[in-house]
Structures are given as C-alpha cells and as structure tokens.
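First to last, the sequence lines map onto chains A and B.
Residue 1 is where the first sequence starts when you use the numbering used here, and the numbers rise one by one after that.
Residue 1 is where the second sequence starts when you use the numbering used here, and the numbers rise one by one after that.
If you're looking for bench data, these hints aren't it; they were derived computationally from the structure.
Any given hint could be a false lead.
Given that identical chains are not distinguished, each listed pair holds provided it fits within a single copy or across any two copies.
[As the list claims (entries may be wrong)] The list that follows gives simulated cross-link-like pairs (lysine to any residue, SDA-like), each with its CA atoms no further than 25 Å apart: (1) 66 to 1; (2) 66 to 264; (3) 66 to 118; (4) 66 to 291; (5) 66 to 198; (6) 153 to 254; (7) 153 to 108; (8) 66 to 197; (9) 153 to 32; (10) 153 to 165; (11) 66 to 233; (12) 153 to 198; (13) 153 to 17; (14) 66 to 252; (15) 66 to 112; (16) 66 to 114; (17) 153 to 84.
There are 2 protein chains.
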Amino acid sequence: MTATLLERRDELVAVLGSARSSGGRVGLVPTMGALHGGHLSLVRRAAAEATTVAVTIYVNPLQFGKGEDQDLEHYPRDLDRDLEAASAAGADLVFAPPAAEMWPEPPLTRVHVAGLTDRWEGAARPGHFDGVATIVTKLLALAGPCLAYFGEKDFQQLAVVRRLVADLSLPVEVVACPVVRDPDGLALSSRNARLGAEERTVAPRLYAALLAGRRMVEDEEATDPGDVEAAMRAVLEAEARFEADYAAVVRPGDLSRPEAVAGTLRLLAAARLGGVRLIDNLPATSPHPEEA
Amino acid sequence: MTATLLERRDELVAVLGSARSSGGRVGLVPTMGALHGGHLSLVRRAAAEATTVAVTIYVNPLQFGKGEDQDLEHYPRDLDRDLEAASAAGADLVFAPPAAEMWPEPPLTRVHVAGLTDRWEGAARPGHFDGVATIVTKLLALAGPCLAYFGEKDFQQLAVVRRLVADLSLPVEVVACPVVRDPDGLALSSRNARLGAEERTVAPRLYAALLAGRRMVEDEEATDPGDVEAAMRAVLEAEARFEADYAAVVRPGDLSRPEAVAGTLRLLAAARLGGVRLIDNLPATSPHPEEA
C-alpha cells in the first residue's frame, strides 16, 4: 500500500494526534529524501515497533553552510521514488512539505547544542548542527510524542539529537540504528552517488581504516589515542586520492577525546575522495576499563 | 481547593496528558514564583479558558546573567504562599521542580531567537533571552499542547515566545494578558518589593512617561519617533532618582524602531530607581496610517 503523502503541517499534526488518541504509537523517521538502504532500515525498524510510521522528507536549508550552496542546490530530489521506497519499507505517511510551508517566514530561532557541536563535523561545517538541531526540534514538535529513528552513520548528529531531546524534555524516545553498508563495507550515503567509478572502488578504505583502528583498540596495541588515530590515517592516506579530514578516538557520549585508550569508545573518520566528503564510524571497546 | 503540588517532570507530563485524553484543555502559566496580582490575572484568565490550569514555578538560572548573581540568589521564594495564591486564583496544579529535577545535568542546549533579542532588554541583559527561550521551550515541551499565558508586562519576552513557538511549530497557543497596575499606575512586578518607601512613591513616573509618549502619538504631536522618545525620557529624568536606560517607540511585532510615528506602535521604557531596574510598556496607535 502506498503511504499517504502529506504536505501541510496541520495535516501531519492532526493525523499523528489521532493515531495516538486511538492508542497507537507513532514512529518518526526524519530524512532529507534520496532514500537509500540506510534510511529504509530505519523505516523497517519503525514499522516493527510503532503502529503509525511517518517519514519526513525535507531538504533543510539551515543545515547547509555558506560554502555548501552547491550541495543544497544539487541535493537529489525524487519524491515519487522516495514515496514508493518508503511505502515498501512500511511507512504509513510521508510528510514532504514545500519550503514555504515549513517556514512561512525565515526563522529567527536556532537551537544550539554547545560543546558537542564544536568538534569534528561541527568544526568542518560551521553552523551545520545548529541547522540540524533546529529542524529536528521543529519536526519533533510537529510529530508530538513518538519514537524517533536516527542512523548511527551520522554519529555526531545522533549525539546532538539525544542531547537536545534530554535538555529540552521533548516527549520523544530516540532510537539509534546501526550503519548499513554495501557488501564491500562502504557505508550507505546519498553522497556515494557522486563518486566516480574509480573512486567508488577505493571508497571502502574509509571503513578499512576504522577496522584497523578497532583492531588496535581491541588488541590493546595502543594506550595513546593518538597512535590509533595515526594508524587509521595511515591506512586512509595509503590511497593518494583520499584526503583525510579527521580520524579520531572519542568517548561515545560527548565525542570528546579520552586521555587513554580504555573502556567503550567510538572511532570517527571523515575524508574527501574526489570532490565528495565521506564520513563513517565504528564502536570499539578496549579490554582496559575506563578510569573512574 | 488547594492545587496539587508536583515536583517531578514525569508527573506533570502524565497529569496533563491524561487531562487532554479525557477531552480537557490545558492552560499553562509559567512563572518564577513570588506570585503577585499580575501573575494571578494570568491564572484567572487560564481558569476561565482551560479545564486544567498548571502554574509552573521555577527560578531559571539560565536567564540571569554574569552580573546578576545577586538577583538570582535573592529572588524571593515562598512556595506555601504561592501555592495558596495560585489555588485561590483557580490553579489545579503547581509544578515546582527542584533544580536537579529540571536539569539533572547542566544543559548544553540553548534556544536563541535572533534579531528580536539583540535590542532593549536583550542589550541590557546579554544572554537573558536565550535563558528565557530555553526554559520556555522546555516547559512547553513538558506541558504538551496547551494555551500558554504570558503577561504583556514583559513585552519583549512575549515577542520572543511568540516567535519561537511559530518558528519551532510548538503545539501551543500563546495568550497575551494586559499589564496589571497598582492604583497609582506602577506595573506590578516582583522587583517592586525591593523599592524603598520614597522610591516607591516616585516609581509611577515610569508609567507617566509612557502615558506622555502615548498622548504625543495619539495627538500627532510628533512624526519623528526620536521626539516621542525624548519627551518620555524628559518626564522620567525630571525625577533625579530615575536613571533612564531606554525609552523607545517600536513596532510591536519585531520591536524594531520605525522611521516615522505611524500605525500601531508600542512604547517601551526601562529605568533604574535606587538599585532596582524597572520596565514597563504601553500600546499607542497613531492616526497616521503606516506606510505599506
């Protein structure tokens, strides 16, 4: 069955409110469209856990920075295809508002999550996470009490969303879903479509770098996070077409760098390949317990 | 009947959710306690329009700036008295959470409303409106769909709240309530209690200054807003104990200064009297239509 397409905010509010009134549980999957297997894994998970699944499709201009006009302009848009894919994965509703419906006048309000957003992607893309936090707060306000599904692929985004939901007491349970990968290990991303054929063949090296880092953490081959980071960067840069942005060992909660390799960690990496910026991450647990 | 006192966020969420489930309409009155006749007019209005009225009492540290520790520390707190007054005015619930309940860890998230918050009170109290916008967003998220009552006394705060509610699509209808004044014209404020006896007798001059400005606008005695502002300031500073901060003619929507005295305007004033900072405002409509 094809999901119902909604374009108006008041329709979304009414439909989800009435779903809850009759005892249903709302699952929300916020996206910018160009749905791939990663998004669809979120929709399937939502369909398994909620009674009414709404996928939102909105290419949010606030999260594109000054140098990213091209990205925004060329962001792939194919609503028919997205509607079909979301429906097949179990979506009941697709909310795809026109820009003027989302913000009848340019918004003055910004939601900012301090600290968490200064580093990694935040450092590379100033203002990006304010744009993300603002649109997510708005979409969650429109959806009302719900389960909200986010991919671990954008690990820092997930941390930002978790934090704003807690700080602002939004009536939302954030559900994190694992990264979905192509068979060769490349994490699914709408940006992958912009890779040339040769670039595509070397792209899985980003994942390989993270795997190498994880092996070092698990095998206690390093106590200094810097050594793990250097090793990940070396794997990446052995391929000349890769230009590493960061390769980092972080605490999973606030994405800060630990003093030592210990406890539950997250490995983050970002690199440019051709003109495309790729990011990926992996969990890694050291046998060394974290110091209290 | 005495209102039910709630201290936990999950209790508030549950009670208001269940009120809505059984067809009720929630009215929310956010306050910092020290309830006076102004607050109570909001509670009475809420009791007339909603079926369940919740008054929140929380002295929000985020809205006190670096130089305002004294204000925060000495903010009057008398929960028993507030509970009694709120109950008498028609409150069903009083939500008065301890600080650690409101934010189990220091919040990293801030809600910022650009432009609107740079001027007037925002200029005098840097960060103040970010603190207000953040706590209001959180309280509205906790309350869920509701009517939310704010006094026009804090006119800029009201504009900030209206704007964040619109920008973030919060499921809230903001209800603005007129300023309540003592018989001599002084706008009720918890700060009035800090005025000395002599200061109290001259305090109504702030209102007199606004009335003088309004008369000029209504009688078309000025076309330049600066002339109206100078006249208001002159009334104020004829009393040596007053130190004017600003006396302004503004557009009521975004609180910007108009080119000319025309259409529907708002007059704002802030001044120090003794150690106490007082603010007040009045609507004023010019017979001159606003230029399109």
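Against the structure, the hints:
For the homomeric pair residue 66 and residue 1, neither the shortest alpha-carbon distance inside one copy (41 Å) nor that between copies (58 Å) is at most 25 Å. Taking identical chains as interchangeable, the C-alpha atoms of residue 66 and residue 264 are never at most 25 Å apart, the minima being 36 Å within one chain and 37 Å between chains. For the homomeric pair residue 66 and residue 118, the shortest alpha-carbon distances inside one copy (17 Å) and between copies (23 Å) are both at most 25 Å. Taking the shortest Cα distances, residue 66 and residue 291 never come within 25 Å of each other, neither inside one copy (41 Å) nor across copies (34 Å).
Taking the shortest alpha-carbon separations for residue 66 and residue 198, neither the intra-copy value of 29 Å nor the inter-copy value of 56 Å comes in at or below 25 Å. Within a single copy, residue 153 and residue 254 get their C-alpha atoms as close as 16 Å, which meets the 25 Å cut-off; across copies the closest is 40 Å, which misses it. Proximity of residue 153 to residue 108 under the C-alpha cut-off of 25 Å is restricted to the inter-copy arrangement: shortest distance 23 Å between copies versus 29 Å within a copy. When the C-alpha separation of residue 66 and residue 197 is checked against a cutoff of 25 Å, the pair qualifies neither within a copy, at 29 Å, nor between copies, at 56 Å.
For the homomeric pair residue 153 and residue 32, the shortest alpha-carbon distance inside one copy (14 Å) is at most 25 Å, but the shortest distance between copies (42 Å) is not. Proximity of residue 153 to residue 165 under the C-alpha cut-off of 25 Å is restricted to the intra-copy arrangement: shortest distance 19 Å within a copy versus 31 Å between copies. For a Cα distance limit of 25 Å, the shortest separation of residue 66 from residue 233 qualifies neither inside one copy, at 28 Å, nor across copies, at 43 Å. In this assembly of identical chains, the alpha carbons of residue 153 and residue 198 lie at most 25 Å apart only when taken from the same copy (23 Å versus 65 Å across copies).
Neither within a single protomer nor between protomers do residue 153 and residue 17 lie at most 25 Å apart by alpha-carbon distance, with minima of 30 Å and 34 Å respectively. In this assembly of identical chains, residue 66 and residue 252 lie within 25 Å of each other by CA distance neither inside one copy nor across copies; the values are 29 Å within and 32 Å between. For a Cα distance limit of 25 Å, the shortest separation of residue 66 from residue 112 qualifies both inside one copy, at 18 Å, and across copies, at 20 Å. Taking CA atoms no more than 25 Å apart as the test, residue 66 paired with residue 114 passes in both settings, with 20 Å inside one copy and 18 Å between copies.
Within a single copy, residue 153 and residue 84 get their C-alpha atoms as close as 23 Å, which meets the 25 Å cut-off; across copies the closest is 52 Å, which misses it.
In terms of the numbered hints stated before, the structure departs from hints 1, 2, 4, 5, 8, 11, 13, 14, listed from lowest to highest.
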